[in-house]
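Undergrad: So the sequence lines, in the order shown, correspond to chains A and B.
With this note's numbering applied, the first sequence covers 1 to 785.
With this note's numbering applied, the second sequence covers 1 to 489.
It should be emphasised that the hints constitute simulated quantities derived from the structure, not laboratory data.
Built from N, CA and C at the ideal position, the CB exists for glycine as well.
It is possible that part of the hints are untrue.
As the list claims (entries may be wrong) - Coverage of chain A stretches by chain B, computed from C-beta distances (three or more under 8 Å per stretch; other residues unrestricted):
1) 93-104
2) 591-605
To be verified - List of simulated lysine-lysine pairs, PhoX-like, C-alpha gap at most 20 Å:
3) A:K253 with B:K277
4) A:K229 with B:K277
5) B:K237 with A:K127
6) B:K472 with A:K253
7) B:K277 with A:K231
8) A:K525 with A:K461
9) A:K286 with A:K229
10) A:K282 with B:K70
11) B:K111 with B:K137
12) B:K360 with B:K124
13) B:K360 with B:K137
14) B:K338 with B:K360
15) A:K253 with B:K226
16) B:K226 with A:K282
17) A:K129 with B:K248
18) A:K142 with B:K277
19) B:K224 with A:K286
20) A:K129 with A:K365
21) A:K231 with A:K253
22) A:K200 with B:K305
23) A:K590 with A:K310
24) B:K224 with A:K229
25) B:K237 with B:K224
26) B:K124 with B:K30
27) A:K310 with B:K305
28) A:K229 with B:K122
Said to hold, decoys possible - Some, not all, of what chain B presents toward chain A, calculated at C-beta under 10 Å:
29) I210
30) S254
31) L258
32) F269
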Amino acid sequence: MAECVGVDSNTSGHSMDKSITLPPDEIFRNLENAKRFAIDIGGSLTKLAYYSTVQHKVAKVRSFDTTAKEAPNDKLYEISVQEEVTARLHFIKFENAYIETCLDFIKDHLVNTETKVIKATGGGAHKFKELIEKKLGLNVDKEDEMTCLIKGCNFVLKNIPHEAFVYARHADSEFRFQTANPDIFPYLLVNIGSGVSIVKVESEDQFERIGGSSIGGGTFWGLGALLTKTKRFDELLQLASKGQHTNVDMLVKDIYGGSYGCLGLTGDLIASSFGKSATADKEFSKEDMAKSLLHMISNDIGQLACLYAKLHNLSRVYFGGFFIRGHPVTMHTITYSINFFTKGEVQALFLRHEGYLGAIGAFLKGAEEDNPNQYSWGENYAGSSGLMSVSPDMNPMQRARSGTFPFDMLEMDRLERQLVNLPLLQDPSSYIPDTVDLTEDALARDYWLYCFEDALDGVVKRAVASQPDIPEAVVRAEKFRQKYRHKLLTLRHQPFAYGSLTVRSLLDTREHCLNEFNFPDPYSKIKQRENDMALKHYQRTVESLDALSWEDRQFALVSGVLAGNVFDWGAKAVSDVLESDPGFGFEQAKRQLEERPWLVDTYDQWLQRLKGPAHKCALFFVDNSGVDIILGVMPFVRELLSRGTEVVLASNSGPALNDVTNGELQILTERIAAMDPVLQAGLQEDRLTLVQSGSSSPCLDLSRLDKVLAMVVRERQTDLVIIEGMGRAIHTNYYATLSCESLKMAVIKNSWLADRLGGKLFSVVFKYEVPLGKVHHNGATLMLS
Amino acid sequence: MCLSKTVGHSMDKSITLPPDEIFRNLENAKRFAIDIGGSLTKLAYYSTVQHKVAKVRSFDTTAKEAPNDKLYEISVQEEVTARLHFIKFENAYIETCLDFIKDHLVNTETKVIKATGGGAHKFKELIEKKLGLNVDKEDEMTCLIKGCNFVLKNIPHEAFVYARHADSEFRFQTANPDIFPYLLVNIGSGVSIVKVESEDQFERIGGSSIGGGTFWGLGALLTKTKRFDELLQLASKGQHTNVDMLVKDIYGGSYGCLGLTGDLIASSFGKSATADKEFSKEDMAKSLLHMISNDIGQLACLYAKLHNLSRVYFGGFFIRGHPVTMHTITYSINFFTKGEVQALFLRHEGYLGAIGAFLKGAEEDNPNQYSWGENYAGSSGLMSVSPDMNPMQRARSGTFDMLEMDRLERQLVNLPLLQDPSSYIPDTVDLTEDALARDYWLYCFEDALDGVVKRAVASQPDIPEAVVRAEKFRQKYRHKLLTLRHQPL
């Protein structure tokens, strides 16, 4: 046991007294290891980017050296906590007013002295050049604004799932996030700053400004200021949101008395912006004029964007720039205009991290030698602020209230493995991992947010218990609780803060927060104990299965996987039982299972299929440690191997709850192989392979899987995908369609979800699917829902 | 041999209308059409004109009488030809005009007047009461397109390119017999962008709410100037760079790698967003004019490209007779298409609706089957109105403008042997572009006028009043020459 206390996690908090306004522990994190700075200074906001390394504790498992002379320990394997260094990108956005304070703070905390250069972009870059050089002692290296913008845009589109969204003001959910399409090119970026730039992006390095307009955000601001004497952009938007444009604009019906039918113009269409102020001799309200102006500009940009999109045959149009950024009013008018002009053929897309694009791009320019584009990156939910829902009414007040230093952050972790699509996805571009979008389903959202909050005490307790020898674990656990509770609270008010809110994102956010406070694997010892216990029953389980007739055995194998899947510490109904009754066993679990017919039951078709020829290769996404993997999954795998089917076992790269990790599974498989000739042979003949999924989530995103896994799947001509467990087969992938046969098995361990699906606690989902039209070797075409 | 009847004989009934000049041939008028816009009314009617024509005839050589010593016989005959009349006047005169027409209308078969334009419903009752005709409303856009097709086909040199600083401001296009397809960008209060594919086929493919009404409306709010013409005058004196944010205001110079020059407008009114100062009316009007013209120009180019059209005509009150807007639109089109598309304007753009409405009513006469020619004697010319002169000129001009077109007895087509009919230009020297030659020929024709008058009188030795008519001819032609000296177009 080497669960040692590591060096104190180095947050930047230790000398906060030097700066009175910056919140400690929260901003400019990991500055000590920072290198490669970039800064994007806009008209009012500064965006700073830097690359840093983070030391994290990670739990590792290692087999005891069985060849050594020492008597083997009673434990199955050794768990150690090691320090691992991972790369992280930090992006911070703050108002230009704070730039000097921030530069001072950075100077004071910058340890790494190798950095000589800071990349700079944005209109304000030359204005602050001297200040930056003086304060930081770095050379300011200016980068082209548009190049940075595009580079940043490519980066977020590729690396942040749910980066892009559609805005629908009156829909159930204002923000509808788009699933990331791995093929992001070509697209149109309409950047609405003072003016408008319309840029066609064709590849990583190829873009062209194909059009533009002088009627942009500066025109709204400038004309608005002249017309209303209101000098602030936000206030102008507020005025606009209260106005009636029909008092100022001349509508089609004002000219023709109604619609102009034969030209297809409805009566309410604006015929002439400000047409009424040409002749009417009266005063117009500020609100009405601002609204008319907003419509005029939004419609114009919308039409231009549509025309350029059509002319260049582009269907993806992203809007950005300060005119759009965080302003639901303008997102609405632009969306409306695009819908009007394309009759719904083109959707206006917005970006969650649009404000960071320039900084990200400038950073990437500077980091080119590190090849950041060769890695996969993931948004760190613990370290990132969410998308702010700022209604124009709330915005200025919120800002004022939000304290001394309003800032916004984005942190992205470099993933150790490059992630790609599962090659067996039927249609990668339409694949959506999550079954329920909680941003759109208010009832489900309320339940799950409650559920996660309710479970928080237990998670904190478990976290503390996992580090019994470390007294300050209690303090860290408490910090974790605060952070996660705060995230849940934010999500309650802004469900769209991190893209679509899903059970998966709630689970992942919890994992990110636990990691942030150095609880890398709270369940490591529970998993160890359960694996140990289960192993002892393996041989007996296999023997009793072997005694059954073929048909009985097939059913017993399925029941075994399902019963094993009951052992899930992530499900409160189960963790309560497991906490109170450590002796709760496999047989009891089997008795809990629902009788057939199950809630979803295509077992007969599966059995029929088994009577046919063996599959070439099965890819099995496994779930929990202990009984689940050892007594449920392994016998099932053994049967597949016996049939002549190759098996690829895919398990998590990093820990999540009591899910078995790849490291643990390696050891377990060796142990089982040692007592089971079938598995032994499978390993030796390379017919049983273990791969890591690339994920550390209790759920499964088939569009972000380890590259090696994808390669193995392709090489082995995998023709069956088995997905097990609630997180992987119900919260995610329930509707995923694959290009080969698939089997989704799970026990519903949550009564609310069971109720929703029309079942009850411990209802069984057994979903065997064959792609439409696929004919099997035995001649039968299986048409299954 | 009676006098050709002009309407002049009862001018005393109307004190404001100029005799001999306006509403000619009303006695024989039939098929009326009227297009009432925001400020101008356009009236159209069809009439017949009795003309003397000289005919020659061989003496009957088979006849018994001894042949005369002359080769052939000359006789003057009366011939009736068809003529289209179009008159444009300010809406303020509409009642006077209707009264005048009522008084002079002889033909009573006419029961209907075709009407179009935004003001048609407003004046419907007045028209019906005054003229006793039923007002039959026609779709505005259909009339506009019909009218446009008609002038493009029948009036050579109808379309022109505007170039403010060139030797000649107006460069007329040779009429291409194949006028379709084309794009018509009508800039009224708003903008309609119409693709015209054939005589009967057109589609409004786009439009914009940023049009003439926006210039007028925003201009009025910004400058407290309520008149459209005055706003244009203000604009022509302003400096838009004081109000607009240019590329160089942001980047210190050009934005080379995007190909944006420093003088390009990055943001219209961008300077008024943050600068805490007063802006001059002139500068704001100019900035507004650029903003709107550039926007329309870009939209027009995009629609032209999208529909693969190379001929783009601009019309509507924003353009009509205003060199300032013709210039900004032309500039914008040049900028956005890098010269690939030319902005075209029409000499008779203001009449399109009235012509179209008339044609709708005259469909049974098949006006489209004939060829028509502009009658220079009866038509006012295109006014060269610099923004400074315009309002004064208008006050002086009596506010009437006319177009008369004669139906030609024979349908006219291209010589089939022309190498390239679309580039064929009959005239060797374009005097609008050659000032020296123009001066010479104008002098030459004036100098020859006395001789022509003498010859005319001598040709009708038996008719005493020929002297009077010849004098009228002299006056009219001299006036035309004078006009052409000042307005060569």
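Undergrad: Decide, hint by hint, whether the structure agrees.
TA: Going down the list of hints, with the structure as the test:
1. 93-104: Coverage by chain B is violated for the stretch 93-104 of chain A (0 residues, Cβ < 8 Å).
2. 591-605: violated (count 0)
3. A:K253 with B:K277: Violated - the C-alpha atoms of B:K277 and A:K253 are around 39 Å apart, more than 20 Å.
4. A:K229 with B:K277: holds (11 Å)
5. B:K237 with A:K127: The hint is violated at about 34 Å.
6. B:K472 with A:K253: Outside the cut-off at roughly 51 Å; violated.
7. B:K277 with A:K231: Measuring from Cα to Cα gives roughly 12 Å; hence the hint holds.
8. A:K525 with A:K461: holds (14 Å)
9. A:K286 with A:K229: Roughly 9 Å separates the two Cα atoms, so the pair holds.
10. A:K282 with B:K70: Violated, because 80 Å separates the two Cα atoms, which is more than 20 Å.
11. B:K111 with B:K137: Holds, at roughly 14 Å.
12. B:K360 with B:K124: Satisfied, since the Cα-Cα distance of roughly 18 Å is no more than 20 Å.
13. B:K360 with B:K137: holds (10 Å)
14. B:K338 with B:K360: Violated - the C-alpha atoms of B:K360 and B:K338 are around 39 Å apart, more than 20 Å.
15. A:K253 with B:K226: Between A:K253 and B:K226 the Cα gap is close to 23 Å, so the pair fails against 20 Å, i.e. violated.
16. B:K226 with A:K282: Distance ~12 Å between B:K226 and A:K282 Cα, so the pair holds.
17. A:K129 with B:K248: Roughly 19 Å between the alpha carbons, so the hint for A:K129 and B:K248 holds.
18. A:K142 with B:K277: violated (32 Å)
19. B:K224 with A:K286: holds (16 Å)
20. A:K129 with A:K365: holds (18 Å)
21. A:K231 with A:K253: Roughly 33 Å between the alpha carbons, so the hint for A:K231 and A:K253 is violated.
22. A:K200 with B:K305: Judged against 20 Å, a Cα distance of about 17 Å means the pair holds.
23. A:K590 with A:K310: violated (59 Å)
24. B:K224 with A:K229: Distance of about 15 Å is within 20 Å: holds.
25. B:K237 with B:K224: Given that 20 Å is the threshold and the Cα spacing comes to 16 Å, the pair holds.
26. B:K124 with B:K30: Within the cut-off at roughly 19 Å; holds.
27. A:K310 with B:K305: holds (11 Å)
28. A:K229 with B:K122: The given pair, whose Cα atoms are some 37 Å apart, is violated under the 20 Å limit.
29. I210: holds (6 Å)
30. S254: With a minimum Cβ separation of about 13 Å from chain A (threshold 10 Å), the hint on B:S254 is violated.
31. L258: holds (5 Å)
32. F269: holds (3 Å)
The structure is inconsistent with the numbered hints 1, 2, 3, 5, 6, 10, 14, 15, 18, 21, 23, 28 and 30, although it conforms to all the rest.
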